[in-house]
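Chemist: Chains D and Y are the protein sequences, given in the same order.
For any residue, its number in my numbering is found by taking its place in the first sequence, counting from 1, and adding 3.
For any residue, its number in my numbering is found by taking its place in the second sequence, counting from 1, and adding 4.
Think of the hints as simulated: they come from the structure by calculation, not from any bench.
Just so we're clear, the structure is a prediction, and the values are computed from it rather than from any experiment.
None of the hints are false.
Sample of chain Y residues at the chain D side, in silico, Cβ under 7 Å:
#1 K11
#2 F15
#3 S40
#4 G41
#5 L44
#6 T51
#7 I54
#8 F55
#9 G58
#10 F61
#11 A62
Label-pair ranges, simulated between beta-carbon atoms:
#12 D:F44 x Y:R73: 36 to 44 Å
#13 D:F44 x Y:E72: 36 to 44 Å
#14 Y:L86 x D:R13: 44 to 52 Å
#15 D:F44 x Y:Y13: 28 to 36 Å
C-beta atoms are modelled at their ideal positions from N, C-alpha and C, and glycine is treated no differently.
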Amino acid sequence: MGNLRANLSRTDRALRLALGIACIAAALAGGVGGHAALALFLFAWVPIVTGLAGWCPLYVLFGVSTRRL
Amino acid sequence: MWTARLKWYAFLGLVLFVLALDAVRTALYPTQLDTSGRLLLDGFVLTGGIFLLGLLFAFLQRQEEILERQNAELFALHHAALDLGGELGLQALLQKIVDGARELVGARYGALSVIDREGKIEAFVTSGISEEARQRIGPAPSGKGLLGVVLRHGQHLRLAALGTDPRAAGFPPGHPPMGSLLAVPISSRSPFLGNLYLADKHSGEPFDQADEDSLVRFATQAANAIDAVHAHERLRAVAIEEERLRLAREMHDGVAQILASVNARAQAIREHLRGERLSEAIALLDRLAADARGVHAEVREGILALRATASTSGISGTLREYLDDWQDQTGIRVEGTLDEQIRLLPESEVQVLRIAQEALANVRKHSGAAAVRLHWFLESGLATLEVVDDGRGFDSQRPAHDGRPRFGLLTMRERAQSVDGSIEIQTSPGGGTAVRLRVPVGRGAQLAARRTA
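Bound-form chain D, shown alone (with noise of 0.2 Å):
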């Protein structure tokens, strides 16, 4: 990810790891059930791989960043 140019302010970087978390927690708490719990799962890797590295594959598309350059 070194070539990658951080578009994440550190804002969006927290909200989007609390939005994985709370998506798997959401999940394992078994509040729900069959293919909602599948896509919580399977999605909740994108707000924590993208919180992670700073940098959203979206924003790059529409030219958007949170990042205060």
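Starting from the known structure of chain D, arrange chain Y on it as the hints suggest.
Modeler: Below, chain Y without anything else, positioned relative to chain D:
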């Protein structure tokens, strides 16, 4: 801008692809997945696709930035080379180098040290620091600490934080705080030795490899410009030396000889007076007076020639003034035309002027002419000077009447050759003399025009 549009197309293409994939799957396997399962799968493919596209465009963006940066650097280097090339004073050139380097890399502060033979800092030129700040900092650095490291080893230096390097000696009081540092040596072929320093990028990031490469390339251009200044200074020194020798020769050939003759005649007159041969004494006195007039004319012409130097208004203006004065002094009528548009390099203009003066001095001394025509014009891309008199001319195959070679003509030839020009002399006894000088215009004129622009 085209990448922004391409991103949108790529994203829409991905969405369409996922929808098409979903449609095909539903048509082929209508009972395999329920709606939530289909959405889950589509969402997964879409997310994966977005990641791939994101990576691809991030890479493209990076390449585009690198290209843009290289383009800007080439442009800046080109401009800097043009700018530096036109500068012929060392102090002004050094200031331009350090300003140009700072602008090229986008640094807040810049400095250039000139190092003497003993490896000590001889001069220190700064950029980005106000005069008041310089006053507050005090005397220029002597080469201790990090400045000394670069000097002694001639290496490149790139530091993210100046203060953390163990070799740093710290800043004197009043020095603005500086973080990152980039330094490269300026290696020129001339005796010049120096280093170029930049500190703190405007972006706040430390200097990277690309900055270092840019600065090294710029330092090469700077070294070439410094070499050119040294070459120009050497040429000037040689020209001054040649001018001194010419003056010495002219004084020896002209004034000194006439004064020797004046002395001999004065002694002869004394002998005639002692022997009371008055008529002989009077005849010699007349010749003595003629000699004195001769030497007077020689000295005045010399002073006039020294006073006339190629000015900023160009050689035509200088020649016109000189011709007016010369006509008044000698009483020989001057006619002709001068093309105001012709511009040469300053050193070429000086030589053309001296050749014109020498040719006119010969007209006065030897030709006995009543009128002289002088034309300065362009012919087949060559600046041409023509000096034609209606005097007695001479036999060019025979040496001068005193048996010595014609030094004046020799000097004119040397002068013409020194500016890649050629000289042609047409003469015959009783047929007047024509001196024709041709000097190339091309490069010299372009340079002169650029300097005056």
